[in-house]
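*Asks:* In the UniProt record's numbering, the protein residues as written are 1 to 131.
Since the hints were made in silico from the structure, they are not lab data. Mixed in with the good hints there might be a few duds.
[As the list claims (entries may be wrong)] Below are the DSS-like pairs computed for lysine-lysine, each with C-alpha atoms no more than 25 Å apart in a straight line: (1) 31 with 121; (2) 100 with 121; (3) 105 with 31; (4) 121 with 105.
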Amino acid sequence: MSDESKPRLHICRSDELVEGHYRRIDVILGKRAVVPLVVLRYQGQCRAYRNRCVHQALPLDCDTYELFDDSGRLLRCSTHGVTYEPLSGVVVSPLCEGMKLTAFKVLEDADGIWLVDGRVKGLAGATQGDA
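With the hints as constraints, model all of the structure from the sequences given.
*Replies:* What follows is the structure in structure tokens.
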């Protein structure tokens, strides 16, 4: 099944997710599980990851409500500083090296940014821009 024919859940308009920023959304997996995601734009590309550090199961932005590090080139867990490559979700810091964030499929077209991941059954509430 192509991305265009999968069920699409609207996240936001393209202009609402600017370079180096992110949005938090809650999605429904399976019958009832609510899972937090972060949807980000980096180098013009959109990515979505589960908002959970691989080191300890805490939200990536739980302490600072920021996702990118000071350089703007890496994602950084605000609790213990584990860093990730934004386009692949792979850990680049020594702690948990080689592990990766759980990715969710997104699609961007003229109508906006969409979640097109078959695991997701729906959105759970409104989306939130970064703080």
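*Asks:* Taking the hints in turn, state whether each one holds.
*Replies:* Comparing the hints with the structure gives:
1. 31 with 121: OK: residue 31 and residue 121 at ~8 Å, within 25 Å.
2. 100 with 121: holds (23 Å)
3. 105 with 31: holds (19 Å)
4. 121 with 105: With a Cα-Cα distance of about 13 Å, the restraint between residue 121 and residue 105 holds, given a limit of 25 Å.
Checked against the numbered hints above, the structure violates none of them.
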